[in-house]
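Novice: So the chains spell out like this:
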Amino acid sequence: MEKVGKYMFFLGCTIPYRVSSYEISARKVLQRLSVDLVEMPEFNCCGLPLEPLSHELTLILSARNIAIAEREGLNILTLCPGCSGTLKKTNKALKEDKSLKEEINGRLKEVGLEFKGSVNVKHISQFLIDDVGLDRIKKSVIKPLRGLKVSEHSGCHLSRPRKYLEFEDPENPKALKTLIEATGAKYVEYMDETECCGATVAGIDDKISLSLVREKLSHIKSAGAEALITMCPSCHIMYDANQIRVERMFKETYNIPVLHYTQLLGLAMGISPEELGFDELRVNPSKIVKYAMEIKPRL
Amino acid sequence: MSESESTKPSKINPRFRYEVAKMPGGEKLLQCFQCGTCTSDCPIARFNEKYRPRNIIHMAQIGLKNKILDSEFLWLCASCFTCTDRCPQGVEVASVIRILKNMAAEEGHIPKLFRELLSNLLKTGYVYEVPESRIRRRESLGLPPLPKGDSESILKTIQELKIARILNSE
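Residue numbers (the working numbering), protein chains in the order written: chain A, 87 to 385; chain B, -17 to 152.
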């Protein structure tokens, strides 16, 4: 298969810290789609988690990463919408504001880096649609997941704030739905789809963040979805790892498996659950795995 | 802010709104006409009675600087940007709140969580301390080695920032 191209793979902090299943499945799926990933020769956080302390700190940290990718001459691909959103915002701000660019470059010069504004940044959802293309994705599906009913949660930072990210309509996000349909699975709508997962206040006020998770899970359950599909490591932690905390806190049972989109696509490509990091999930996904295993591959 | 609390005029800083409005993202602060779309659509406000974005914007407009910067509720914003995207006046509500957090941080009001994140960043480049066991396990999971951060280089680019100097001097 013709290569899609070479990309600088920006992993972020949350994925290597807690969400290996996303990385494992994304690498597998991207390999199947003939995407070449280049590892960052040097890394630092995109800066988003520290923006409450200093906006300038965030600008410097994200500009450092963009400058490293520019040195290698590669566009950036991220799995985390927080990372892509932050890098995209900085990229835009520095490209549009010459004096800001000079100020940040003054800091980067100290360590031999320079922001030029020559590369772009994409989250995997946008990348799959724009660069890989739905045709290639659909062709890679040998086990269409027909009959499987899933809901999605895109995550706020994929498209908000709209003015800076210029991706899709945050009030009616379609990218993940389109990608779900490409696997053959059926997309199920639910109430308040665009509501925040609360990850950013976890650690500051757990009661609020878990209340948000509970609300989301109950809406998904009422809609009759068999699984929730995410494309953000932080949202995934909230709905998967924290589902049991919510069940304990509110004395309720949800039992909704939470899959990364790359795991869902991987199953549809006929990749084994072991190779897609399914054993790392906290809510037992065996219902979904069993369903996928029973589909006869079309060859 | 409870209604029984009174605020002396001397506690009001009439220039404060201009300080906020000159920061990136704060430009439209004065355009807010207090419609309350931000608060009614805020996911945090539904589960916490102290956090009200509309009130925070109003307090910034009238100059209740200390009241905002000393508060704990300021740190509850989830930065989901729903308020920013829905404001009919184009006020970047979440960015105004971020400006206020940045100001509070410069005055030394920094929640413990953020101190930990910054300290991890300066040690490894990552804001979380990725356990050694996880780094070693990558190989058996078929993952390439984790990219490394260059602490010295990171420190060099940020050491002149006010926030870095504040944390250093503590």
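Bear in mind the hints are in silico, worked out from the structure with no lab data behind them.
Check the hints yourself; a few may be wrong.
With a Cα cut of at most 16 Å, we get these calculated EDC-like pairs of lysine to aspartate or glutamate [said to hold, decoys possible]:
#1 B:94 x A:292
#2 A:202 x A:216
#3 A:202 x A:182
#4 A:208 x A:281
#5 A:92 x A:281
#6 A:184 x A:200
#7 A:260 x A:216
#8 A:195 x B:9
#9 A:195 x B:31
#10 B:105 x A:128
#11 B:130 x A:182
#12 B:105 x B:88
#13 B:138 x A:189
#14 B:105 x B:134
#15 B:94 x A:291
#16 B:138 x A:125
#17 B:130 x A:196
#18 A:293 x B:134
#19 A:225 x A:88
#20 B:32 x A:291
#21 A:195 x A:216
#22 B:138 x A:196
#23 A:89 x A:292
#24 A:181 x A:196
#25 A:249 x B:134
#26 A:187 x A:200
#27 A:260 x A:281
#28 A:92 x A:216
#29 B:138 x A:200
#30 B:144 x A:189
Because the structure is a prediction, the values reported are computed rather than measured.
Novice: With reference to the structure, classify each hint as holding or not holding.
Specialist: Evaluated hints:
no., hint, result
1, B:94 x A:292, "holds (15 Å)"
2, A:202 x A:216, "violated (24 Å)"
3, A:202 x A:182, "holds (12 Å)"
4, A:208 x A:281, "violated (22 Å)"
5, A:92 x A:281, "violated (34 Å)"
6, A:184 x A:200, "holds (13 Å)"
7, A:260 x A:216, "holds (13 Å)"
8, A:195 x B:9, "violated (30 Å)"
9, A:195 x B:31, "violated (47 Å)"
10, B:105 x A:128, "holds (14 Å)"
11, B:130 x A:182, "violated (30 Å)"
12, B:105 x B:88, "violated (22 Å)"
13, B:138 x A:189, "holds (15 Å)"
14, B:105 x B:134, "holds (9 Å)"
15, B:94 x A:291, "holds (13 Å)"
16, B:138 x A:125, "violated (23 Å)"
17, B:130 x A:196, "violated (19 Å)"
18, A:293 x B:134, "violated (38 Å)"
19, A:225 x A:88, "holds (13 Å)"
20, B:32 x A:291, "holds (12 Å)"
21, A:195 x A:216, "violated (34 Å)"
22, B:138 x A:196, "holds (7 Å)"
23, A:89 x A:292, "violated (45 Å)"
24, A:181 x A:196, "violated (20 Å)"
25, A:249 x B:134, "violated (35 Å)"
26, A:187 x A:200, "holds (9 Å)"
27, A:260 x A:281, "holds (15 Å)"
28, A:92 x A:216, "holds (15 Å)"
29, B:138 x A:200, "holds (14 Å)"
30, B:144 x A:189, "holds (15 Å)"
Hints 2, 4, 5, 8, 9, 11, 12, 16, 17, 18, 21, 23, 24 and 25, counting from the list given before, are not met by this structure.
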